[in-house]
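Chains A and B, in that order, give the protein sequences.
Sequential numbering of the first sequence, starting at 1, is according to the numbering used here.
Sequential numbering of the second sequence, starting at 1, is according to the numbering used here.
It is worth saying that the hints were derived from the structure and are not from the lab.
Take the hints with a grain of salt, since some may be wrong.
Cut-off 25 Å, straight-line C-alpha distance, at most; resulting in silico cross-link-like pairs (BS3-like, lysine-lysine) [what the hints assert, rightly or not]:
| id | chain 1 | residue 1 | chain 2 | residue 2 |
| --- | --- | --- | --- | --- |
| 1 | B | Lys60 | A | Lys12 |
| 2 | B | Lys183 | A | Lys232 |
| 3 | B | Lys183 | A | Lys223 |
| 4 | A | Lys72 | A | Lys95 |
Label pairs and their in silico Cβ distance ranges [what the hints assert, rightly or not]:
| id | chain 1 | residue 1 | chain 2 | residue 2 | range |
| --- | --- | --- | --- | --- | --- |
| 5 | B | Arg55 | A | Asp55 | 30 to 40 Å |
| 6 | A | Arg83 | B | His198 | 38 to 48 Å |
| 7 | B | Glu113 | A | Asp148 | 53 to 63 Å |
| 8 | A | Pro52 | B | Met1 | 31 to 41 Å |
| 9 | B | Glu113 | A | Asp214 | 54 to 64 Å |
| 10 | A | Ser212 | B | Phe211 | 26 to 36 Å |
| 11 | A | Gln66 | B | Thr9 | 24 to 34 Å |
| 12 | B | Lys204 | A | Ala115 | 51 to 61 Å |
| 13 | A | Asp148 | B | Thr180 | 45 to 55 Å |
Glycine included, C-beta positions come from ideal geometry on N, C-alpha and C.
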Amino acid sequence: MASEELHEQLHKDFSLDGKGALIIGAEHPAGRVAAIVLAEAGARVMLASQDPGTDAQLKEVLKAVQEAGADKAELRVQDAGIRADLSAAMDLAVKSFGRLDILVNALDAPWYGPADTADDSAFDQVIDNNLRTVWMSCQEGARVMLRDGGGAIVNVNSIIAQRGVVNASLYCAAKAAVLNLTRAFAMEWARAGIRVNTLQAGWLDEPASPLSVDQEFRNNLLKYLPDNRPVKAEELAGALLYLVSPAAAFVTGESITVDGALMCRV
Amino acid sequence: MILDSLKLTDRIAIITGAGRGLGRAMAVKFAQAGAHIVAASRTVAQLEITAAEVRETGRKCLVIPTDVTSSEAVNRMTAAAIAEFGRIDILINNAGGGDEEAAGKPIDQITDEQWRRGIDTNLSSQFFAARAVIPQMVRQSRGKIINIASGYGLRGAKNSYMYSCAKGGVIQLTRSLAITYAKNNLQINCIVPGIFPHNEEMMKAFKGGKFIPMGRGGDDAEVGPLAVFLASDAADHINGELVVIDGGGLAGGILPTGAVPALPG
Numbered sequence: 001m002a003s004e005e006l007h008e009q010l011h012k013d014f015s016l017d018g019k020g021a022l023i024i025g026a027e028h029p030a031g032r033v034a035a036i037v038l039a040e041a042g043a044r045v046m047l048a049s050q051d052p053g054t055d056a057q058l059k060e061v062l063k064a065v066q067e068a069g070a071d072k073a074e075l076r077v078q079d080a081g082i083r084a085d086l087s088a089a090m091d092l093a094v095k096s097f098g099r100l101d102i103l104v105n106a107l108d109a110p111w112y113g114p115a116d117t118a119d120d121s122a123f124d125q126v127i128d129n130n131l132r133t134v135w136m137s138c139q140e141g142a143r144v145m146l147r148d149g150g151g152a153i154v155n156v157n158s159i160i161a162q163r164g165v166v167n168a169s170l171y172c173a174a175k176a177a178v179l180n181l182t183r184a185f186a187m188e189w190a191r192a193g194i195r196v197n198t199l200q201a202g203w204l205d206e207p208a209s210p211l212s213v214d215q216e217f218r219n220n221l222l223k224y225l226p227d228n229r230p231v232k233a234e235e236l237a238g239a240l241l242y243l244v245s246p247a248a249a250f251v252t253g254e255s256i257t258v259d260g261a262l263m264c265r266v
Numbered sequence: 001m002i003l004d005s006l007k008l009t010d011r012i013a014i015i016t017g018a019g020r021g022l023g024r025a026m027a028v029k030f031a032q033a034g035a036h037i038v039a040a041s042r043t044v045a046q047l048e049i050t051a052a053e054v055r056e057t058g059r060k061c062l063v064i065p066t067d068v069t070s071s072e073a074v075n076r077m078t079a080a081a082i083a084e085f086g087r088i089d090i091l092i093n094n095a096g097g098g099d100e101e102a103a104g105k106p107i108d109q110i111t112d113e114q115w116r117r118g119i120d121t122n123l124s125s126q127f128f129a130a131r132a133v134i135p136q137m138v139r140q141s142r143g144k145i146i147n148i149a150s151g152y153g154l155r156g157a158k159n160s161y162m163y164s165c166a167k168g169g170v171i172q173l174t175r176s177l178a179i180t181y182a183k184n185n186l187q188i189n190c191i192v193p194g195i196f197p198h199n200e201e202m203m204k205a206f207k208g209g210k211f212i213p214m215g216r217g218g219d220d221a222e223v224g225p226l227a228v229f230l231a232s233d234a235a236d237h238i239n240g241e242l243v244v245i246d247g248g249g250l251a252g253g254i255l256p257t258g259a260v261p262a263l264p265g
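Same shape as in the complex, but just chain A (with noise of 0.2 Å):
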């Protein structure tokens, strides 16, 4: 049997021909490696901005994304601290996709800080760039689902989620209410076809983190993970791509997470 007949079943369930995708949080690397996996795939992609002054970021994945084969992909450099932003991005990819078929939030802004000095505009602030945000993006993405009959939404998060750590009180708490606002919103929305999944990342080995600040950090932190290495954030590409696909039809209100056996130890 001929290899692509014999691949045809694998390709119809992840394939994402003709589908119209959009990302925000594009400049992020969660977001680039999004955009570029779902280029590869098949999708039409949009890619957005959680910041504003982000474009030369912005344009290098488009070339990626362009290189990756993308069937359409176009660039919204943008604020997706403010509500209107977010609405015109969803229009915009309903616009040029015929309909939004996903919608990946790669929405991420760290905060590091002691509890006990960190004041209040701090929780604001921590809060607004990590949850309103995916709140708002979740809501207004569903909006156009809703009326044109369902789709998929992933959120990108982290395993900070999960558990409590020192000097990052405020981002724990943000990320944990990314996750369960995830769980309600694929309980809403479960039987108007849109599912809505959160994508864990472990240790990310990437410039922003602490791992790659603090070199005492890392080295302990490598010791103590079961395969001795952080995360790529291309490793995020595969789980990614299944939640979106048509092959997690059945799938909603879960967390994949994508750690190297981390979890399974705390």
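For this one, chain A is given, so just place chain B on it according to the hints.
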């Protein structure tokens, strides 16, 4: 290319309980993804039906009648698979199920023998098979094990003892194996299926899926792609993870209808 990394071309996959239900659906899906199948369960006639479906895709299927509650039988099955194919890339620990005689009985009416049979069928079987294949996978410095648990491994149910305890054990088996063999490049994960009605009777018992958030039960064919993904290179850093496929069942569940009334603030 991501779609290429999902292919299982010429991988060797042992699937226990491959004669029916989820096991057969996974065997066919794995063959369609390119794998050769070692189909193991007790009933040869059922295995032969699975084998015929696998061979239709042009893939090989080795049928090995196996009582998975017997460690000798599981060891023999593993040895035969290695003798035939030279390697084992994937083990799917799928065999298991409820005990019609003991299911739903109050605790004081369950015999020692029924308790042991339930634990052997659903937990010891997975331990035996993992123990049998891991030395080969360690030699290969590569291997994937997918254990099939159940939502009942995470939640309690009235008069559910052997099945719930064994499936909870499967989840812990997964975690300990994952930590232990992470450095050998083995990935051991767990699929947690929700309600998958295999017949009219089950469909009726679960009221057609009315209480599942998505409003329906799962179809056996829906587990296959998840297992393919977990067995593929696309999941190489996913380890010790439980992936729930249940139409949202475990994400909610604290209310009978899933909703509180909307009240004026």
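Evaluated hints:
no.	hint	in the structure
1	Lys60(B) - Lys12(A)	holds, 22 Å
2	Lys183(B) - Lys232(A)	holds, 17 Å
3	Lys183(B) - Lys223(A)	holds, 12 Å
4	Lys72(A) - Lys95(A)	holds, 13 Å
5	Arg55(B) - Asp55(A): 30 to 40 Å	violated, 55 Å
6	Arg83(A) - His198(B): 38 to 48 Å	holds, 46 Å
7	Glu113(B) - Asp148(A): 53 to 63 Å	holds, 57 Å
8	Pro52(A) - Met1(B): 31 to 41 Å	holds, 33 Å
9	Glu113(B) - Asp214(A): 54 to 64 Å	holds, 58 Å
10	Ser212(A) - Phe211(B): 26 to 36 Å	violated, 47 Å
11	Gln66(A) - Thr9(B): 24 to 34 Å	holds, 28 Å
12	Lys204(B) - Ala115(A): 51 to 61 Å	holds, 53 Å
13	Asp148(A) - Thr180(B): 45 to 55 Å	holds, 47 Å
Of the numbered hints stated above, those contradicted by the structure are hints 5, 10, listed in ascending order.
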